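Undergrad: Using the sequences and the accompanying hints, generate a full structural model.
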Amino acid sequence: MNNLHRFLPTTRREFLSWGGRGIGLLAFSQFAPSFLVESTLAATPSPEKDRSILVLVQLAGGNDGLNTVIPYEDADYYRLRPTIGIKKEDAIRLDDTLGLHPSLAALHTLMQDGRAGIIQNVGYPNPNHSHFRSSEIWETGSDSEKFLPTGWIGRFLDNDCTGTPGTAGTGGDPVAVHVTNELPQSFFADKPHATFGLRSGGGRGNRENLAFLEKLVKDDDHEANANASFLRATMMDALVTEQRVQKVIGGYRPESAYPGNNFAQSLRNVAALIASGMSTRVYFVSLGGFDTHSNQVNNHSNLLRTLSEGLAAFQQDLVSKKLDSQVLTMTFSEFGRRPNENESRGTDHGTAAPLFVMGSGIKGPLHGTAPSLKLEKNRDLSFSTDFRQVYATVLDKWFACPTTQVLGKTYEPLPFI
Amino acid sequence: MKLDLSPQAAWQPLPTSQWNEDAARHLLRRVGWAAQPPEVDRVLKDGLAASLERLFPAKANLLPKPPLIARLEEDTPAYAQKIRTAETREQKQVLQREQRERQQQAMQNLVINWLQFSSRPENAATEKWTLFLSDIYVVSQEKVNNIAWVFQHHDLLRQHGLGPAPALTKLVSRSPAMIRFLDLQDSRKNAPNENFARELFELFVLGEGNYSEQDIKEAARAFTGYRLRKDEFYFDAKQHDDTAKTVFTKTGAFTGDDIINRAYELPAAGCFVPHEIVKFYLSEDMLSPDYLAPLGDWWRDTGYDLRKLALRFFSSQMFFHPAFRGNFIKRPSQFYLGLVQDLNLNVAPYPRHSLNTLRLMGEETFRPPNVRGWVGGRLWINSGTLNARRQLVETIFNPVNEETLNADEQRALVAARAEGIGTFTVEDDRLETMLQSMSTDQITARFLDYFLPVKISESYRSDVRDFLTRDTATEDKRIARLRATAVVVLQSPEYQLC
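Going line by line, the protein sequences match chains A and B.
Residue numbering for the first sequence follows my numbering, starting at 1 and increasing by one per position.
Residue numbering for the second sequence follows my numbering, starting at 418 and increasing by one per position.
If you are wondering where the hints come from, they were derived from the structure by calculation, not from laboratory data.
Some hints could be false.
FRET-style restraints, in silico, Cβ to Cβ [to be verified]:
#1 B/D600 / A/S301: 55 to 63 Å
#2 A/S301 / B/K872: 57 to 65 Å
#3 B/R900 / A/N126: 43 to 51 Å
#4 A/K409 / B/T719: 53 to 61 Å
#5 B/D883 / A/N126: 56 to 64 Å
#6 B/A890 / A/Q405: 55 to 63 Å
#7 A/K409 / B/A503: 22 to 30 Å
#8 A/R51 / B/R506: 29 to 37 Å
#9 A/V297 / B/N761: 40 to 48 Å
#10 A/P415 / B/E518: 48 to 56 Å
Since this is a predicted model, take the numbers as computed values, not measurements.
We put the CB at the ideal spot given by N, CA and C, even for glycine.
TA: Structure (structure tokens):
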């Protein structure tokens, strides 16, 4: 792949060196992405590399919290879940009442090392049971009754908080990267930001297509009109980022063994981008399939293993590369599931659930309180920690960003950082 | 390209000698979503005038009321009653929440049904026209907060959108969605609200600069008493100011309808909708008033007949002028529906791959950014929206991974398939058929000449041909190659244009 003809420099340094080799800057700037030209003209230094990074891991479909963190001493748990409940002897003991699902062994090791924690029973008032709507609430950070057009990460970027990179592609790096097919609603913003979408899992093997698209973008022999030129220039900007990202990912040597599944490979690619020194602040990765309405035991077990082993490989990689102090990882899911199992040995849409945080120096392992299970059939859990308290903690303690501007009001932070 | 037409010649019909395949494609892409080969053949066979008569029929096909909208209309009074009589605050909140959720679901149902309906070639031109009118007579679900009314509003535009404009404007002034959107129901005899009167002059009939603040104040008094009762327009005579008003230099005890008639008496009304058509269908760069004036005068003399205007505009030398070929940026809904048509697909039956995709591309259906609607043009394009467009193409060329769908989505998929709607992505067998029945040159021509609206250069063509024929040792590789070529061509800057 490396012998493919390259059409454009992919870094500022390379660009400058091309200029130095006598390729006229002005002649070139017609095609060159604006950020390269501008930063060359201004000769501005690249932004500092030391910065805090957040990796969001979405567990799409609604993760079953009660089979993730198991209240193994609670008779109500086994009353509500006679067939799918995790047996006391199978749970990995966290304390005298709570244990982890056996698939979460790798995460448990991280907790013992002080590198991961659990925030229990996280939700919001007046919970909504629709995937679409509840995801929207989590991603926009809105109240259940309110509709917000922007996401919480988008507003973080809009607010240009301390340490937030500039909006106009400082150094050409995207400010936020998602490894999902769709742009996450969390990233929706009022101002335009350079965001970038990386294909889930692989991302490799597309370089040839990308080079081909780039070739077509450059081939403007046919009669050009103003809109076509505008589209070409905008697309060129995006392609240069993509090409650089592909190069980084293709040449990455991880320091830990990532499992072969898409999720772990996505995390590997995130690690590659972090290790390359890109000034990106937020990454968004998604693991789907948590909508376990029927025969959930094996499915859920596999999903949790994928999650746990992927996260552990990622953290191990960051630690070996001495990047772990820069990166905080956090999971979320649109809702937990109904406390009682249904007739199909699965669980229906519920409300609150635990989420994981991971990084060096995470305090814990347990935060907040476990939910009460003194419930009749088809009743839901009552949350005890608002998800926006978690966001507030991340914004305030991790990003040093005034939280009220992003969340609309003040939420009490949690002591996990 | 210089616009070398005289204002007199501009609106004359395209000479028959210039009615050819390129012109036919231009017509279909601009009045609808795409230029599908059978449609191109058909309009060429029928001729331009007859084709326009068919594409813009006196009576447009109506989008059937989506089932969840019908359910919402039916249940809402009972819900309202229950909410009113709820015993505790908690019960009330639960009911309100349910009601909001039903609105949301009905909205998704509406958008998906609308996309499916619009993607049919026979509805493309009238649905785009309805979209055009909804960009003039703007309402937003954001404020209206009643998706059944938003549906009714668009239904009204569909039913009366090819009749006389004054009649349409009068109906719009009684549309529940509009009454709520522009605060007419809060306009009282002693406290007239100027919102509707202002937008009537500025955005529906005349355009900025053709009225005074005093005209608005006086006109607002004529629209007092417009109310809603049981989801329908109702005129409350007690709240209506029936005293004399002076609007556009004439004085009388005008009603709302009188004011609308007065506005259409002004010469500016003739040029307003033509100006909007140019902006929506032809070019971001506005035509000089010298061009618009003769069309405006003529349109006024037709009694502001919208159908006649459409027929004249879309058959004119101006519309077909080379200066306007292949240089208009597709709005997100056209990019989406154009792909669906170009690839003979069905609209995916769940929000993630329809509603959400449109939103990511910058067009949130039924939620325009403000009273002016969408600005459009280059504002549709930035690195994020362009990325969303490219992603949509990728999605369409990869099989639906049903394991990653949630249960709601899987149900929607099953239901759609039961109705015979099942082609949401380009599957291998279709690519295989293409490979077996067409030569490399034919495939290249299909991609470049059917999909792209601009004449492409020989070097571009040979780039595509080379890419298509590289590494084709096995059947699988040939299919993968074909898929990659199609994806890249549809992601190219040229395909964003029409």
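Undergrad: Kindly indicate which numbered hints from before are broken by the structure, ordering the numbers from low to high.
TA: Checked against the structure, the hints that fail are numbers 8 and 10, while the rest are satisfied.
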